[in-house]
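Taken in sequence, the protein lines are chains L and H. All residue numbers for the first sequence refer to our numbering, where the first residue is 1 and numbers rise by one. All residue numbers for the second sequence refer to our numbering, where the first residue is 1 and numbers rise by one.
Think of the hints as simulated: they come from the structure by calculation, not from any bench. Check the hints yourself; a few may be wrong.
Which copy is meant is left open, so a pair is good if it fits within one copy or across any two.
[Unchecked claim] Listed next, the in silico DSS-like pairs over lysine-lysine satisfying Cα-Cα at most 30 Å (straight line): (1) Lys240 <-> Lys399; (2) Lys17 <-> Lys228; (3) Lys224 <-> Lys326; (4) Lys371 <-> Lys240; (5) Lys47 <-> Lys424; (6) Lys47 <-> Lys399.
There are 2 protein chains.
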Amino acid sequence: MTGKLKSTKTTKLSKAKQNVRAIFEPRSITLIGSSKIVEEVGMTSPKLFADVAYNLQTYFEGRVNIFDIETRSTLGKSDLTILALPPQKSLNWAGKAMNTGTKAIIQLTGGFDAAQRAKYFKLALKHHVRVLGPNTIMGIINTRVGLNTTFERNLMPPVGNISVISQSGGVGATLLDWASYYDIGVSKFVFMGDKVDIDDENVLEYLASDPKTRVIAMYIEGIKNGRKFVELSRKITARKPIVVLKGGITQESAQRALSHTASVAGSDEIFNAAFKDAGIIRVGDIEDLFTASVALASQPPMRGKNVCIVSNVGGPAILAADEVAKAELELAHLSEETKQKVQKAYPGIDLINPIDLIADARADRYRNVLKLVLEDSQVDGVMVINMLKSCFFEPEDAKVIPEVASRYDKPVVDVPVGGEDFIKVANVLKGTGMPTYNLPSKAALALRILYEYGRRQC
Amino acid sequence: MTGKLKSTKTTKLSKAKQNVRAIFEPRSITLIGSSKIVEEVGMTSPKLFADVAYNLQTYFEGRVNIFDIETRSTLGKSDLTILALPPQKSLNWAGKAMNTGTKAIIQLTGGFDAAQRAKYFKLALKHHVRVLGPNTIMGIINTRVGLNTTFERNLMPPVGNISVISQSGGVGATLLDWASYYDIGVSKFVFMGDKVDIDDENVLEYLASDPKTRVIAMYIEGIKNGRKFVELSRKITARKPIVVLKGGITQESAQRALSHTASVAGSDEIFNAAFKDAGIIRVGDIEDLFTASVALASQPPMRGKNVCIVSNVGGPAILAADEVAKAELELAHLSEETKQKVQKAYPGIDLINPIDLIADARADRYRNVLKLVLEDSQVDGVMVINMLKSCFFEPEDAKVIPEVASRYDKPVVDVPVGGEDFIKVANVLKGTGMPTYNLPSKAALALRILYEYGRRQC
Numbered sequence: 001m002t003g004k005l006k007s008t009k010t011t012k013l014s015k016a017k018q019n020v021r022a023i024f025e026p027r028s029i030t031l032i033g034s035s036k037i038v039e040e041v042g043m044t045s046p047k048l049f050a051d052v053a054y055n056l057q058t059y060f061e062g063r064v065n066i067f068d069i070e071t072r073s074t075l076g077k078s079d080l081t082i083l084a085l086p087p088q089k090s091l092n093w094a095g096k097a098m099n100t101g102t103k104a105i106i107q108l109t110g111g112f113d114a115a116q117r118a119k120y121f122k123l124a125l126k127h128h129v130r131v132l133g134p135n136t137i138m139g140i141i142n143t144r145v146g147l148n149t150t151f152e153r154n155l156m157p158p159v160g161n162i163s164v165i166s167q168s169g170g171v172g173a174t175l176l177d178w179a180s181y182y183d184i185g186v187s188k189f190v191f192m193g194d195k196v197d198i199d200d201e202n203v204l205e206y207l208a209s210d211p212k213t214r215v216i217a218m219y220i221e222g223i224k225n226g227r228k229f230v231e232l233s234r235k236i237t238a239r240k241p242i243v244v245l246k247g248g249i250t251q252e253s254a255q256r257a258l259s260h261t262a263s264v265a266g267s268d269e270i271f272n273a274a275f276k277d278a279g280i281i282r283v284g285d286i287e288d289l290f291t292a293s294v295a296l297a298s299q300p301p302m303r304g305k306n307v308c309i310v311s312n313v314g315g316p317a318i319l320a321a322d323e324v325a326k327a328e329l330e331l332a333h334l335s336e337e338t339k340q341k342v343q344k345a346y347p348g349i350d351l352i353n354p355i356d357l358i359a360d361a362r363a364d365r366y367r368n369v370l371k372l373v374l375e376d377s378q379v380d381g382v383m384v385i386n387m388l389k390s391c392f393f394e395p396e397d398a399k400v401i402p403e404v405a406s407r408y409d410k411p412v413v414d415v416p417v418g419g420e421d422f423i424k425v426a427n428v429l430k431g432t433g434m435p436t437y438n439l440p441s442k443a444a445l446a447l448r449i450l451y452e453y454g455r456r457q458c
Numbered sequence: 001m002t003g004k005l006k007s008t009k010t011t012k013l014s015k016a017k018q019n020v021r022a023i024f025e026p027r028s029i030t031l032i033g034s035s036k037i038v039e040e041v042g043m044t045s046p047k048l049f050a051d052v053a054y055n056l057q058t059y060f061e062g063r064v065n066i067f068d069i070e071t072r073s074t075l076g077k078s079d080l081t082i083l084a085l086p087p088q089k090s091l092n093w094a095g096k097a098m099n100t101g102t103k104a105i106i107q108l109t110g111g112f113d114a115a116q117r118a119k120y121f122k123l124a125l126k127h128h129v130r131v132l133g134p135n136t137i138m139g140i141i142n143t144r145v146g147l148n149t150t151f152e153r154n155l156m157p158p159v160g161n162i163s164v165i166s167q168s169g170g171v172g173a174t175l176l177d178w179a180s181y182y183d184i185g186v187s188k189f190v191f192m193g194d195k196v197d198i199d200d201e202n203v204l205e206y207l208a209s210d211p212k213t214r215v216i217a218m219y220i221e222g223i224k225n226g227r228k229f230v231e232l233s234r235k236i237t238a239r240k241p242i243v244v245l246k247g248g249i250t251q252e253s254a255q256r257a258l259s260h261t262a263s264v265a266g267s268d269e270i271f272n273a274a275f276k277d278a279g280i281i282r283v284g285d286i287e288d289l290f291t292a293s294v295a296l297a298s299q300p301p302m303r304g305k306n307v308c309i310v311s312n313v314g315g316p317a318i319l320a321a322d323e324v325a326k327a328e329l330e331l332a333h334l335s336e337e338t339k340q341k342v343q344k345a346y347p348g349i350d351l352i353n354p355i356d357l358i359a360d361a362r363a364d365r366y367r368n369v370l371k372l373v374l375e376d377s378q379v380d381g382v383m384v385i386n387m388l389k390s391c392f393f394e395p396e397d398a399k400v401i402p403e404v405a406s407r408y409d410k411p412v413v414d415v416p417v418g419g420e421d422f423i424k425v426a427n428v429l430k431g432t433g434m435p436t437y438n439l440p441s442k443a444a445l446a447l448r449i450l451y452e453y454g455r456r457q458c
């Protein structure tokens, strides 16, 4: 795309900003594809057409029109048009859709050359229609209205408050698989594609003003307009956290088949500085992206570094204390008042942090001690550990944790440490907004990030 | 225990070293407990007695004698005696068992004072009987003979080559839960308890000479005789890897409710130096302990730093390249010969590392390229990435990976990155000895550790 086009876009298309919304919240959709055309480059195929049609018809709560260009000719009007055709045919049908008054287009398929992309952009500009793609392949998901333009049948994450932007189809597919499998509540999912029109900033702006999005999680490989991205992000992160996984810290070296540590670290530090400047929280891998997002989506920020660990086992509590230190947080010093109250209620409990509730602790003991600890002004957040194996704790007992936590403006995370134990407790806590991790290391990371976001908000 | 007892032990009990084996490989077992006695301190209870009896009777392939002291009086002979009674009663019955010629005792229950522990040790010494515990609570597991002295019913990890030693009951229970849930092949599991007789060194010596143990994984909170531990470990690690998770890097500070980073780092560095000296591989958390052990148990060491990534998706391959760099490994430069061969077979594939096999790659393409890459002397190890979502790869295709890998003396690890994708492929690869990870970060850690162990062996 030329510099001239770029500058025109910035001034004129801002009028059409509201049409970005039609990508995510259309009332009516037309999917245009072909039951015959196969084109490997760009991924046009009857199968993709059928799979996307299946997902739209299965989940979308609004009106869906499946338009096969092999059998139909007259296009009706709808808010959102989804295109799954080769480049030239897509351009033709995009033009027709724009003439019928569509507000937005998701161009799933790819294979467009520079001239075709420029033509697409001109069309969009002329009609004030917003275009996501081309080559987004998977398009978008909006769980709340059942909008799913991906070709993965029945892959629908649960409704939640985390919105995900991915600059890579493959990583995006992994994130979607992860969220669906691990029951991570998602609001919107966006596969950016080639960005002929709608870019990261447009999507960020939409998600920033979207009341159903509490956390924005991004996978990015590069930033085109660094200053704009940082300025916009800085505004957003004052109100809503952005968590970023950056791929390609060694991308250059990978491409050159050269692993030159110095240059890698250098270029990566620029991103670190930019993220810091923008108030963006950076994480290290896919799992951390969700560990962080789940915590931010459900818990208040942590206002200080002082963590109290409440556990029914000794060893894992020691590991948890280690992880608190590794995350550069501190073990809270309980106030004398709290100590006395715990002592009075449970004379057998040692009054040091980590607090060992002992293996026979059930719901009542957790409820009472958790309450006392959260009332202590010297405690900024709590990591609860509740094992089942070798303990008396039952999965149902875990319900008291979100019950108590919801009454205080401090973060609480739960660690039913292990394999089967974790699954059993996580199932009980599903939908309660209590972040549940299978290892103290992940819970400590979650608290660390809640602390970082708390500092961002100061 | 006094210094005098300790020194006597070292000289005299070495004769009975072979009896340590009876703990793990008995042909006959007697479990002595009571259907009536409940004693909270030390955990004696009819329930524990019944649960342990259940596991012994359900799984053990040898002769099992359940001996309830409330209804029986004459004790028969067996290789291994398991005791689940309060201290004084345990001592009485331990004496009787020793008189009948038992070779070893697992003292599950605890609550012993110093005098009782000394008495137990004297008894053991006199009869040349080895005692594990007291207060081991869970005792041991030997998967190959179905020996499981824990009270967790039906918690039996699959048979494998990893042996686990835990100094903590709680962390040990978590490790057991983790191994069972994630299908990690285990040979022996040992809960050390109070170590009146058998100590870490005794168990290490046994596992070092145990042909069914390929990797020793330890959770430790402290080392009593540092020099002895380091010297013994150094000998063992020349032939067999030891992986350690050390709990309590902040234990002191935890106990004082003081998070003083300087002192923490100081004391922890002593352990780091000792582990390095001993050739022990140190890991950061429970998951890493198994990530490392699984790789070491099934793959050859990596003889150099050069990793080749073979993937069917671009984005996750970039993340994988990042993780290789973070693990301080290098992306291999493929030789010209390899490049030409790949080029000839698959003209569409870019000849850089990570190698992108493209989304339609199936078993054949993986087989052929993996073979070429493993034959390249500039490649020391391979990380395979095979996504299902948004790709043509089918779970069954993954079988070619261990098939090819087994023909070369270089490590290969597999990353069916994601949630559901991971589970599907991991199920296909179960029992093939191919380490399978859901994230590139874990696979990179695995390769890093295989590299570290390769250096240890030089």
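**Message:** Treating 30 Å as the Cα threshold, decide for Lys47 and Lys424: within, between, both or neither.
**Reply:** This pair counts as between: shortest inter-copy Cα distance 23 Å, intra-copy 38 Å.
**Request:** Classify it for me, Lys371 with Lys240: is the Cα-Cα distance of at most 30 Å met within a copy, between copies, both or neither?
**Result:** within (28 Å within a copy, 49 Å between copies)
**Message:** Regarding Lys240 and Lys399, is the shortest C-alpha distance of 30 Å or less found within a copy, between copies, in both, or in neither?
**Reply:** Within. Shortest intra-copy distance 28 Å satisfies the 30 Å Cα cut-off; inter-copy 45 Å does not.
**Request:** Classify it for me, Lys17 with Lys228: is the Cα-Cα distance of at most 30 Å met within a copy, between copies, both or neither?
**Result:** Within one copy only: 16 Å inside, 71 Å across.
**Item:** Identical-chain pair category, Lys47 with Lys399, by Cα at 30 Å
**Value:** For Lys47 and Lys399, the Cα distance is within 30 Å only across copies (27 Å; inside one copy 45 Å).
**Request:** State whether the alpha carbon distance between Lys224 and Lys326 is at most 30 Å within one copy, between copies, both, or neither.
**Result:** For Lys224 and Lys326, only the inter-copy Cα distance (25 Å) is at most 30 Å; the intra-copy one is 34 Å.
Against the hints set out earlier in the document, no violation occurs for any number.
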